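Protein chains in written order, with the numbering used here: chain A, 59 to 615; chain B, 1264 to 1390.
Just so you know, the hints here were simulated from the structure itself, not pulled from any lab data. Being a predicted model, the structure only gives us computed values, none of them experimental. By construction, the Cβ of each residue, glycine as well, lies at the ideal position given by its N, Cα and C atoms. Treat the hints with care, as some may be off.
In silico lysine-lysine, DSS-like type, Cα no more than 25 Å apart, as pairs [unchecked claim]:
(1) K138/A - K92/A
(2) K1369/B - K168/A
(3) K291/A - K92/A
(4) K1369/B - K115/A
(5) K1368/B - K132/A
(6) K1368/B - K1340/B
(7) K1369/B - K132/A
(8) K284/A - K168/A
(9) K1369/B - K138/A
(10) K168/A - K115/A
(11) K138/A - K226/A
(12) K273/A - K250/A
(13) K273/A - K291/A
(14) K92/A - K284/A
Facing chain B, from chain A, some residues (calculated, C-beta under 8 Å) [stated by the list, open to error]:
(15) S157
(16) I180
(17) Y188
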Amino acid sequence: MDNTIDMSILLEEFLEDAAEHLDAVESTLLRIEKGVGGGALDEGEVTLVLGSLHTLKGNSGMMGLTPMQQYVHKLESVLKQVADGTLSLTTNLFESFYSAINVLRESLEKLAKNPDEPLDYIDELTVLEYLISGGKENGNGIYYPRKNKENYGNITQQSNTLKVNFEKLDDLLNLVGELVIHKTALLALETKLKETVKDRSIIEAFTESSQLIGKSAAELREAIMKARMLPVKVVFQRFSRLVRDLSISHGKEINLEFEGEETELDKTVIDEIGEPLLHLIRNAVDHGIEKPAARRKQNKPAAGTIRLSARHESSHIIIAVQDDGQGIDADKIRHQAVAKGLLDSEQVRAMDDYDAKQLLFLPGFSTSKEVTETSGRGIGLDVVKNTVNSFNGLIDIDSRPGRGTTFTLKLPLTLAIINALMVEVAGETFAIPLSGVLESIKVATHDIHQVADGEIIQLRERLLPIIRLDRFFGLGRIRSETQEYVVVVGSGEKRGGLVVDRLIGQQEVVIKGMDEYLGELPGISGGTVLGDGRVALILDIAALIVKTRRGGTHAGE
Amino acid sequence: MLNKILVVDDSALIHQMYRLVMIRYKCEIYDAMNGQEALDVLALQNDIQLILLDINMPVMNGVQFLEKASALGIARKMPIIVISTEGKEEDTIRCLKMGARGYVKKPFNPSELHELINKVMSGAVAA
Chain A
59 MDNTIDMSIL LEEFLEDAAE HLDAVESTLL RIEKGVGGGA LDEGEVTLVL GSLHTLKGNS
119 GMMGLTPMQQ YVHKLESVLK QVADGTLSLT TNLFESFYSA INVLRESLEK LAKNPDEPLD
179 YIDELTVLEY LISGGKENGN GIYYPRKNKE NYGNITQQSN TLKVNFEKLD DLLNLVGELV
239 IHKTALLALE TKLKETVKDR SIIEAFTESS QLIGKSAAEL REAIMKARML PVKVVFQRFS
299 RLVRDLSISH GKEINLEFEG EETELDKTVI DEIGEPLLHL IRNAVDHGIE KPAARRKQNK
359 PAAGTIRLSA RHESSHIIIA VQDDGQGIDA DKIRHQAVAK GLLDSEQVRA MDDYDAKQLL
419 FLPGFSTSKE VTETSGRGIG LDVVKNTVNS FNGLIDIDSR PGRGTTFTLK LPLTLAIINA
479 LMVEVAGETF AIPLSGVLES IKVATHDIHQ VADGEIIQLR ERLLPIIRLD RFFGLGRIRS
539 ETQEYVVVVG SGEKRGGLVV DRLIGQQEVV IKGMDEYLGE LPGISGGTVL GDGRVALILD
599 IAALIVKTRR GGTHAGE
Chain B
1264 MLNKILVVDD SALIHQMYRL VMIRYKCEIY DAMNGQEALD VLALQNDIQL ILLDINMPVM
1324 NGVQFLEKAS ALGIARKMPI IVISTEGKEE DTIRCLKMGA RGYVKKPFNP SELHELINKV
1384 MSGAVAA
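Isolated chain B, as found in the complex (with noise of 0.2 Å):
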C-alpha cells in the first residue's frame, strides 16, 4: 500500500504528470521542485513511502540532495527511485551507490514505471 510519495523534479509539468502517473495507487503526491525542497518536505512529513528523484535541478541536484539525504539517515530507511536522462548516466550510478533502488531513463513508458515501482515496494531491490 503507498500512501505518501515525494516528487523532485524542476518541471511543473512533469509533477502534473506523475499525479496521472500514479494515479493508480491513490496516493498523496508531495511536490518538490528541487534537492533543497526536498529536505524541507522530509522534515516535516516523516511517513513518506517513496522518492522519484530527478537528476537536474537548480540548488540542489538529484545527487547532492542525495549525499545530503545520505548524511542524515534517510536514504537507507526510504526507497529512491532516480528519474535519469541521457548523459546523466554517472551521476545515476553515483546514486544508485548512495543506497537509491532503481532508475527509469526520461522519456520512460509509464508501464516501466510501474514495474520498477511495484518491484522496490515489494523489497526487492531492482538492477
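Just chain A, with the same shape it has in the complex (with noise of 0.2 Å):
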C-alpha cells in the first residue's frame, strides 16, 4: 500500500517537473526561432533546450515511461546533429519539434488521469526518421554559421522564487482571520476592564497592546495578500506559441507584444482571465489584423502587431488586448444589428458610435461571414463579456476603422477579498457584494404590487422585481412593517431589489468557498468570518435576480 501512495506522489511531481521542462524547452525555441533570423544559431541556447530534454529523458525513464524516454531520447539526439552542423535547422524540423512539445504535453494530461495510459509515438518517429535523412525534397535546408562549440553541460536556471502550494497561502489567510477575531475579543474585554481596573496605566498598556495586534494582523493580511499576487506575465506568456502558430496558419505576420508584464495580480484573477483574452486574441488574429499584402496597401507594416498590456490604476488593474489591424467599422455593426433583428434602425440611428461598438457584446453577434476554424463555434464577445463579468470586472471595446481595435479589461486585484453591504434579514447577517448594490431605498408597505410572478415596485420609471429575503431563506419573521428595506442590486443589464430588515453597513469581508457536502445553495456565493467570530452568509446577485423574475419567492423552487 505504501509502495501505491509513494508512486502517485512521484508521479504528481513528474508531471509537474515534465510540464515545466516543455515550457522552458518552447519558449528557448521561440527565441531560437526569431534569432535565427540575424543568421548565427545561438549554441547556448540549443543547448539549453538539450539540457531539458536530457532531464526529461532520465525522468521518464525513472518513472518507467520507456515510449516516452525513447521519443525524448531522438528528439535530443536530432538536435545534437543540429548542434554539430550535420543537420540543418529548417522550418520542418521546427515544426516537428513544437509538435513533439505538444504530443508530450497531451501525454502528460492522459497521464494525470489514468497513471497506465499507454503510450505511443510511432507517428512522430517516423516524421522525425524523414526529416533527419536529409531528404533533398525538404527544400528549406538553411545553413547557419556556428559560432564556437560549446560542452553540453545540464544548466539549471537559477531563481529566488520558491514554488508554494496555494493552498498553504489559503491556509495562512484563514489564521490571519482568526487572529482579527481574537483581537475584536480583546477590545470586549478592553471595554470590561475600564470599568473593573481603576489603575490607568494599565489599561492604556493593555489598549496599545492590543492596537498593536490589530496593526499587525493588517499588516500580516496584507502581506499574504500580496504574496498571492504573481506578474501578469505568467497569463501573457502562454499566448506567445499560439500567436505564432495562427499567424502562420492564417498566412498572416503578427507580433506579439507585452507591456507592463510586471504588474501584479491575485492569483484567483488570473486564473480566470486566460479564457477571455484567450478569445480576444483570436479575434484580433482572426477579424482584426489583416493579411500583409492588405495592410502593405494601407500603408502599414506587413507584420500587424498585437499589444497586451497592463497597468494598476487605483484598486483595479487595466488590461488591454490593442491591435492595429483593420477595425471596427460603427456603421457596419449598426446594419448587422438591426439585420439580425437585435435593435430597429431608429434605435442604431439614435447611438452614438461608440454605444454603437458595444453592440457586438449581445449574444449571437458575429461580423465575420465565415465561421473560421479558431473563432467560429459560436464563442462571441458576448461570452467574454459575461465571463468576465462574472468575476467582478468590467470590458470595453474601442476602435478606429483602418487603424486597430482595443479591447479594455478592468479587474479586481483580487477575488478573494470584496466589499460588502452588511444586512440583517430575521436576526441573520447576509453580505451583499457592493460591487452589485446599485442603491438602498425605503418602501412603503402599499407599494409594493402583487403580479402574476412575483412582487414588483416601481423605481423611477422602471418597474423592479423584488425578493423577500425572508422568505426565500426560510427564515421566520415577526415584524410585520408598514415600510421595508429594499436593496437594488444589478447583474450584467438586470435588476432586482431584495428585501431586508435593516442595513449594518459596509465593510470589507475574505470569501470563504463554501464545502462541497452543502450541496447546491441557491441564492449562495459562498461565506465570511465576522469579526465576532459569527458566520455571514454571502448572497450571489446574479442568482437572486434571476429568482425574482421566475418569481421564485422560495429557495425551494
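With the hints in hand, could you dock these two chains into one complex?
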C-alpha cells in the first residue's frame, strides 16, 4: 500500500516537473526561431534545450515511461545533430519540435487522468526519421554559421522564487482571520477592564498592546495577499506560441508585444483571465489583423502587432488587448444589428459610434461571414463579457476603422476579498457584494404590488421585481412593517430588489467558499467570518435576480 | 509516372510528412483518415494509381478497408503498400494475402519507401 501512495506522489511531481521542462523547451525554441533570422544559431540556447530534454528523458525513464524516454532521446539526438552541424535547422524541423511538445503535453494530461495510459509515438518518430534522412526534397535547408563549439552540460536556471502550494497561502489567510477574531475579543475585554480596573496605566498598556496586535494582523494580511500575487506575464506568455501558430495558419504576420507584464495580481484573478484573453487574441488574429498584402496597400507594415498591456489604477488592474488591424466600422455594426433583428433602425441611428461598438457584446453577434476554425463555433464577445463580469470585471471596446481595435478590461485586484454591504434579515447577517449594489431605498408596503410571477415595486420609471430574503431563505419573520428596506442590485443589464430588515453597514470581507458536502445553495455564493466569530453568508446577486424574475419567492423553487 | 495517390492514415502529422516524402514524384495526394474515408475517396476518384495504407485507424482499419476493397474489386487493379508497425505483423500478412504489393514498417527511412514505390510501380511484386 505504501508503494502506491509513493508512486502517485512521484507521478504528480514528475508531471509538474515535466510540464515545466516542456515550457522551458518551448520558450527557448521560440527565442531560437526568432534569433535565426539574424543568421547565427545561438549555441547557448540549443544547450539549454538539450539540458531540459536530457532531464526529461532521465525522469521519464525513472517513471518507467519507456516510449516517452525513447521519444525524448530521439529528439535529443536530432538536436545534437543540429548543434554539431550535421543537420540543418529547417522550418519543418522546428515544426516537428513544436509538435513534439504538444504531443508530450497531451501525454502528461493523459497520465494525470490514468497513470497506466499506454503511450505511443510511432507516428512522430516516423516523421522525425524522414526529417533527419536529410532528403533534398526539404527545399528549406538553411545553413547557419556556427559560433564556437561548447560542451553539452545541464544548465540549471537559478531563481529566487519558491513554488508554494496555493492552499498554504489560503491557510495563512485563515489563520490571520482567526487572529482578527481574537483581537476583536480583546476589544470587548478592554471595555470591561475599564470598568473594573482602577489603575489607568494598566488600561493604557492593555489598549496599546491590543492596538498593536490589530495593526500587526492587518499588515500580516496585506503581506499574505501580496504573496498571492503573481506578475501577469504568467498569463501573457502563454500566448506567444498561440499567436505564432495562428498567424502561420492564417497566412498573416503578427508580432505579440507585452507592456507592463510585471504588474501583479492575485492568483484568483489570474486563473480567470486566461480564457477571455484567449478569445480576444484569437479575434484579433482572425478579424483584426489583415494579411500582409492588404496591410501594405494601406501603408502599414506587413506585420501586424497585438499588444497586451497591464497597469494598476487605484484598486483595479487595467488589461488591454490592442491590435493595429482593420478596426471596427460602427456603421457596419449598426447594419448587422438591424439585419439580425436585435434592434430597429431608429434605435441604432440614435446611438453614437461608441455605443454602437458595444453592440458587439450582444449574444449571437458576429460580423465575419465565414465561421473560421479559430473563432467560429459560437465563442462570441458576449461569452467573453459574461465571463469577465462574472468575476466583477468590466470590459470595453474601442476602435478606429483602418487603425485598429482595443479591448480594455478593468479587473479587481483580488477575488478573495470584497467590499460588502452587511444587512440583517430575520436576525441573521448577510453580506451583499457592494459591486452589485446600486442603491438602497425605503418602500411603503402599499407600494409593493403583487403580479403573476412575484412582487414588484416601481423605481422611478422602471419596474423592479423584488424578493423577500426572509421568505426566500425560510427564516421566520416576526415583525410586519408598514415600510420595507429594499437593496437594489444589478447583474449585467438585469435589476432586482432584495427586501431586508435593516442595513448594518459596509465592510471588507474575506470570501470563503462553501464545502461541497453542503450541496446546492441557491442564492449563496460563499461565506465569511465576521470580526466576532459569527458566520455571515454572502449573497449571489446574479442568481437571486434570476429568482425574482421567475417569481421564485422561495429558495426551494 | 505517378500522378495521383491516396494516403490512408489517422494521423494528420503523417499526412503532412507524406507530402514531403512524395515531393519527388510531383503527384497529387488525396488524404483519408480511416478506411471509410478511403472508400469515399475511391468512389469519387477513379484514377488513383497507388495507395499507402496504415493499419491502425479508428472507424475502419487497414485490414477492414482491404476486405471491403477486395469485395469491390479495387485491390486487384490498384497497387497498395501497407505501412505497418511493430506488433502488427499478422495484419500485415493478411493484407499482403489480400493483394497488397509490399510494406514498410514505421518508423521508416524515406528512401526505403521510395525504393518500394519504384519497384511496385514498375510492375514487380515486392516481397
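Structure-based check of all given hints:
Pair hint K138/A plus K92/A holds up; C-alpha atoms about 20 Å apart against a cutoff of 25 Å. Among the hinted pairs, K1369/B with K168/A is consistent with the structure: their alpha-carbon atoms are about 24 Å apart, no more than 25 Å. At roughly 19 Å between alpha-carbon atoms, K291/A and K92/A fall within 25 Å of each other, so this suggested pair holds. Distance hint between K1369/B and K115/A is fulfilled; the C-alpha atoms sit about 22 Å from each other, no more than 25 Å.
The suggested pairing of K1368/B with K132/A holds, with an alpha-carbon distance near 18 Å, which does not exceed 25 Å. As the CA atoms of K1368/B and K1340/B are separated by approximately 24 Å, the hinted pair is consistent with the 25 Å bound. Between K1369/B and K132/A the CA atoms are separated by roughly 14 Å; this keeps the pair inside 25 Å, and the hint holds. Using a Cα cut-off of 25 Å, the hinted pair K284/A and K168/A is violated, with the two alpha carbons roughly 34 Å apart.
This hinted pair checks out: K1369/B and K138/A have alpha carbons roughly 23 Å apart, not beyond 25 Å. A hinted pair counts as satisfied when its Cα atoms are at most 25 Å apart, and K168/A with K115/A qualifies at roughly 18 Å. Proximity of K138/A to K226/A is assessed by CA-CA distance (about 42 Å); at most 25 Å being required, the pair is judged violated. Restraint check for K273/A and K250/A: satisfied, since their Cα atoms lie roughly 22 Å apart, inside the 25 Å limit.
Using a Cα cut-off of 25 Å, the hinted pair K273/A and K291/A is violated, with the two alpha carbons roughly 33 Å apart. Pair hint K92/A plus K284/A does not hold up; C-alpha atoms about 35 Å apart against a cutoff of 25 Å. Hint on S157/A holds. Least Cβ distance to chain B is approximately 6 Å, under the 8 Å limit. Interface restraint check: I180/A against chain B, minimum CB-CB distance 5 Å, threshold 8 Å, status holds.
Nearest Cβ of chain B to the Cβ of Y188/A: about 5 Å, under the 8 Å cut. The hint holds.
Hints 8, 11, 13, 14, counting from the list given before, are not met by this structure.
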